[in-house]
Amino acid sequence: DSHSPTPKREQDTQVSSPSPAKESVLRKLYTYGYMNVDAEPMTFAEVTKLAKQLGIPDFKVLELDKYKQLAKKYKEPANCIIWIPFENNGGLRSSPGEAALGHYVSCFREPDGTLNYQDSFGGLNDFPLSDTNRVFRVNKVKYQSIFANNCGYLALLHLYTHDAIDPAVQRL
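Going by my numbering, the sequence shown opens with residue 1, and the numbers climb by one from there.
Ranges of calculated distance between the beta carbons of each label pair, as one might list FRET restraints:
#: 1; residue 1: K73; residue 2: S19; range: 30 to 40 Å
#: 2; residue 1: E87; residue 2: D112; range: 25 to 35 Å
#: 3; residue 1: K73; residue 2: A21; range: 30 to 40 Å
#: 4; residue 1: K72; residue 2: K22; range: 32 to 42 Å
#: 5; residue 1: S24; residue 2: T114; range: 28 to 38 Å
#: 6; residue 1: A45; residue 2: K75; range: 21 to 31 Å
#: 7; residue 1: V141; residue 2: Y30; range: 16 to 26 Å
#: 8; residue 1: H162; residue 2: K142; range: 14 to 24 Å
Because the hints were derived from the structure by calculation, they are not lab data.
C-beta atoms are modelled at their ideal positions from N, C-alpha and C, and glycine is treated no differently.
Input sequences plus hints: build the corresponding full structure.
Now the structure itself:
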């Protein structure tokens, strides 16, 4: 007695292939994010370009203080990478466009308004957004070595997959 599965509708089986630019970014996310290979530090412009190529909607890269201001007013972007300067250098850049000494974390807004926050160092750093009076779901899993510079890729991966980790899963 054989049972045949319900035939799928044609639109369920069509898969569009990503553009070459997006394919390249997905490879970078896989290598430097999912496989956790170290990378060169990224500038705001580089992070923004990759997010655009990935098609992450309502996206911005913001410094921590600016994100806090927006979150307090419920005006934060739906998907944001937040740059936190290291305390020892005040976040100074030696020249425009150069990556400053700091760390990227990420936050996206869930359908119920909860903000989903991830720091790739896990619980190593203090949670920097408690004074915004918002509800957060905080991912405390440590993905990144303290000696690595791939936090920008890990932050992008968090936003692209909305917490699924595997870049093959896009949940935007």
